[in-house]
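When you get a sec, could you build the whole thing from the sequences and use the hints?
To convert a position in the sequence shown, counted from 1, into the working numbering, add 248.
It is worth saying that the hints were derived from the structure and are not from the lab.
Computed from a predicted model, the values in this text were never measured in an experiment.
Hints may contain errors.
[What the hints assert, rightly or not] Distance windows between CB atoms, simulated: (1) K657 <-> K480: 11 to 21 angstroms; (2) L276 <-> D536: 18 to 28 angstroms; (3) A693 <-> E333: 24 to 34 angstroms; (4) S505 <-> K533: 22 to 32 angstroms; (5) D644 <-> T338: 21 to 31 angstroms; (6) G673 <-> G625: 22 to 32 angstroms; (7) G730 <-> V571: 22 to 32 angstroms; (8) G315 <-> T697: 43 to 53 angstroms; (9) R409 <-> E666: 14 to 24 angstroms; (10) R375 <-> G627: 17 to 27 angstroms; (11) R409 <-> D363: 49 to 59 angstroms; (12) G312 <-> E399: 25 to 35 angstroms; (13) M488 <-> R409: 46 to 56 angstroms; (14) V562 <-> G673: 27 to 37 angstroms.
[What the hints assert, rightly or not] In silico lysine-lysine, DSS-like type, Cα no more than 30 angstroms apart, as pairs: (15) K727 <-> K533; (16) K533 <-> K258; (17) K335 <-> K401; (18) K491 <-> K601; (19) K335 <-> K533; (20) K258 <-> K601; (21) K727 <-> K667; (22) K657 <-> K370; (23) K727 <-> K657; (24) K335 <-> K258; (25) K304 <-> K345; (26) K401 <-> K345.
Just so you know, even glycine gets a beta-carbon here, dropped at the ideal spot from N, CA and C.
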Amino acid sequence: MDLAQRRSEKDYRLGCDIGGTFTDFVLLNDQTGEIRINKCLTTPSDPSDAVEQGMKELEEHIPGFIGELDEVIHGTTLVINSIIERKGATTGLITTKGFRDVLEIGREIRYAPYDTFAEFPKPLIPRRFRLEVDERIRSDGSILKALDLEEVKEVVRKLVRMGVESIAVCLLNSFENPTHEFMIRDIIEKETPKISVSISYDVLPQIREYERTSTTVTNAYVKPLTGNYLSKLSGRLESMGFKGKLFIMLSSGGITSVETAAKFPVRIIESGPTAAVIAGQYFGKLFDIPEMFCFDMGGTTAKSCLIQGGVAGVVPTFEVGRVQRFMKGSGLTIQVPVVDLMEIGAGGGSIAKVSKMGTLRVGPESSGADPGPICYGRGGTEPGVTDADLLLGYLDEDYFLGGEMKLDKEAARRGIEEKIAKPLGVSLIKAVWGIHDLINETMAAAAKTHIAEKGGNPKLVTLTAFGGAGPVHAYGLAKKLGAPRIV
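Have a look at this one:
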């Protein structure tokens with residue numbers, strides 16, 4: 249049965265995106281073209297709870313639609329957040345003798361060569377969990393020194409005693425001859441079948457030791473978490489009566505099966521923001537816009553992508569967890585295809601503070617969905633961007649989240665007055681506007697750099713706003729960029 253025939257038997261398709269603060273749904277009726285949207289708070293302890301809740305809320309308006317769903321296309325920030333927050337699995341690395349420190353050595357070129365105090369991201373695997381085996385494969389794939397299976401067994405047992413939950417295997421020149429990696433994988437699966445394993449030949453069978461090791465380690469680090477989540481999500485959907493296909497959004501803009509995403513979670517790190525870029529690409533072609541600047545501002549971060557000629561660029565390498573937020577080379581390198589995104593600022597949940605120097609600072613810390621900004625009334629005590637936007641009148645306190653949430657304007661006012669206005673010695677309105685304007689200024693500065701790097705002109709681009717906080721800040725950002733039009 250081909251795709252067209254299968255779709256003719258099912259009426260609905262659902263898009264679902266889990267962000268750091270909210271989970272969003274778009275339901276499309278393929279027969280009528282009718283679209284229904286929904287939004288609910290993300291549940292960080294178990295993101296599948298929010299998916300189930302949102303779908304049940306949709307079913308109240310369209311009874312029985314779950315059984316008529318042809319497919320669910322799912323994007324998530326779960327993977328990237330687990331890397332940034334260092335909440336992945338306890339992971340071990342098995343590598344060739346002499347290559348234990350590749351993760352820390354990195355590339356020869358430094359992001360700040362003249363800064364003697366420059367910081368670099370800590371490897372996802374501490375040095376004590378990185379063990380070596382005495383083997384060697386030449387660059388042409390021939391074996392110089394054979395693998396000692398007893399040594400491998402001892403190394404694996406040592407990692408198990410140390411409490412690892414996942415193991416990455418990356419041997420020198422294994423992209424030319426993966427025999428030794430296959431042997432190590434087989435031993436791990438036999439000795440400790442419950443431990444997850446990722447080998448570089450499966451994850452990234454390409455030259456360059458640092459990139460290959462870093463990518464394989466990242467995959468191993470998030471694999472148990474991602475696998476458990478996707479398994480639980482699939483089970484939840486099935487128990488609700490869903491009989492269609494579940495697809496996961498790739499960082500490159502395509503989609504993949506649950507099985508592939510669980511095996512290679514490193515490929516879905518940017519699955520959430522990428523969906524917005526694909527939508528921007530569609531509208532750019534639809535309206536014949538030569539240069540479109542996609543701007544996606546959620547609750548935690550703001551990301552951007554310049555679409556030129558109706559096409560979003562895809563790059564082979566990107567970084568996560570930068571020590572210096574807007575400085576290339578200061579993060580963990582991952583070599584998988586990804587839409588050319590750039591982080592340009594904080595999100596609606598980002599916290600505002602007065603620094604030790606007595607200046608206003610916004611982000612990168614975020615209050616997320618739990619407890620959230622002060623105005624959510626869920627226990628948050630730190631003022632942030634959403635609190636400022638509420639006091640400026642950009643948000644309706646009585647109709648937030650489609651009327652499901654009432655925002656506490658008075659609590660937001662007290663929080664900003666006590667923690668921002670008084671310490672700075674300014675009026676409440678100046679403090680509130682300062683938070684809003686500072687985040688716009690930060691994004692504009694980063695956006696100008698991003699556009700210039702791609703050979704664009706900020707004064708000629710059309711700004712397209714996505715994300716919950718995107719439309720609120722779109723005008724301020726466009727004004728600072730000099731962009732003439734907003735979609």
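Here's how the hints hold up against the structure:
1. In this structure the hint that K657 and K480 lie 11 to 21 angstroms apart at CB is violated, the actual value being about 37 angstroms.
2. With their beta carbons about 24 angstroms apart, L276 and D536 fall inside the hinted range of 18 to 28 angstroms.
3. Between A693 and E333 the beta carbons are some 26 angstroms apart, a value that agrees with the proposed interval 24 to 34 angstroms.
4. Distance hint for S505 and K533: a CB-CB separation of about 27 angstroms, consistent with the stated range 22 to 32 angstroms.
5. At roughly 45 angstroms, the beta-carbon separation of D644 and T338 lies outside the given 21 to 31 angstroms, and the hint is violated.
6. Remark: the range hint 22 to 32 angstroms for G673 to G625 is upheld by a beta-carbon distance near 29 angstroms.
7. Under the hint 22 to 32 angstroms, the C-beta atoms of G730 and V571, about 31 angstroms apart, fit the expected range.
8. Against the hinted window of 43 to 53 angstroms, the Cβ-Cβ separation of G315 and T697 comes to about 49 angstroms, which satisfies the hint.
9. Evaluation of the 14 to 24 angstroms hint for R409 and E666 yields a failure: the beta carbon distance comes to about 51 angstroms.
10. Range check, R375 to G627: about 38 angstroms between beta-carbon atoms, so the 17 to 27 angstroms window is missed.
11. A C-beta distance of roughly 40 angstroms is found between R409 and D363, which places it outside the suggested range of 49 to 59 angstroms.
12. G312 and E399 have their C-beta atoms about 59 angstroms apart, which leaves the hinted 25 to 35 angstroms range violated.
13. For the pair M488 and R409, the beta carbons lie near 42 angstroms from each other, so the given range of 46 to 56 angstroms is not met.
14. One distance hint, 27 to 37 angstroms for the beta-carbon pair V562 and G673, is violated here, with the actual separation near 49 angstroms.
15. A distance of roughly 24 angstroms separates the Cα atoms of K727 and K533; the hinted pair therefore holds under the 30 angstroms criterion.
16. At most 30 angstroms may separate the alpha-carbon atoms for a hinted pair to count; K533 and K258 meet this at roughly 28 angstroms.
17. This hinted pair checks out: K335 and K401 have alpha carbons roughly 28 angstroms apart, not beyond 30 angstroms.
18. Among the hinted pairs, K491 with K601 is inconsistent with the structure: their alpha-carbon atoms are about 48 angstroms apart, more than 30 angstroms.
19. In summary, the hint linking K335 to K533 is not supported, as the alpha carbons are separated by about 39 angstroms, beyond the 30 angstroms threshold.
20. Annotation: proposed proximity of K258 to K601 is violated, straight-line Cα distance about 51 angstroms (limit 30 angstroms).
21. Among the hinted pairs, K727 with K667 is consistent with the structure: their alpha-carbon atoms are about 29 angstroms apart, no more than 30 angstroms.
22. For the suggested pair K657 and K370, the alpha carbons sit about 40 angstroms apart, so the restraint of at most 30 angstroms is broken.
23. Of the supplied pair hints, the one linking K727 and K657 holds, its CA atoms being roughly 27 angstroms apart against a limit of 30 angstroms.
24. For the proposed pair K335 and K258, the alpha carbon gap of about 39 angstroms is over 30 angstroms, so the pair is violated.
25. Of the pairs offered as hints, the one joining K304 and K345 is violated, with about 54 angstroms between alpha carbons and a cut-off of 30 angstroms exceeded.
26. Under the criterion of a C-alpha separation no larger than 30 angstroms, the hint pairing K401 with K345 is consistent with the structure, at around 16 angstroms.
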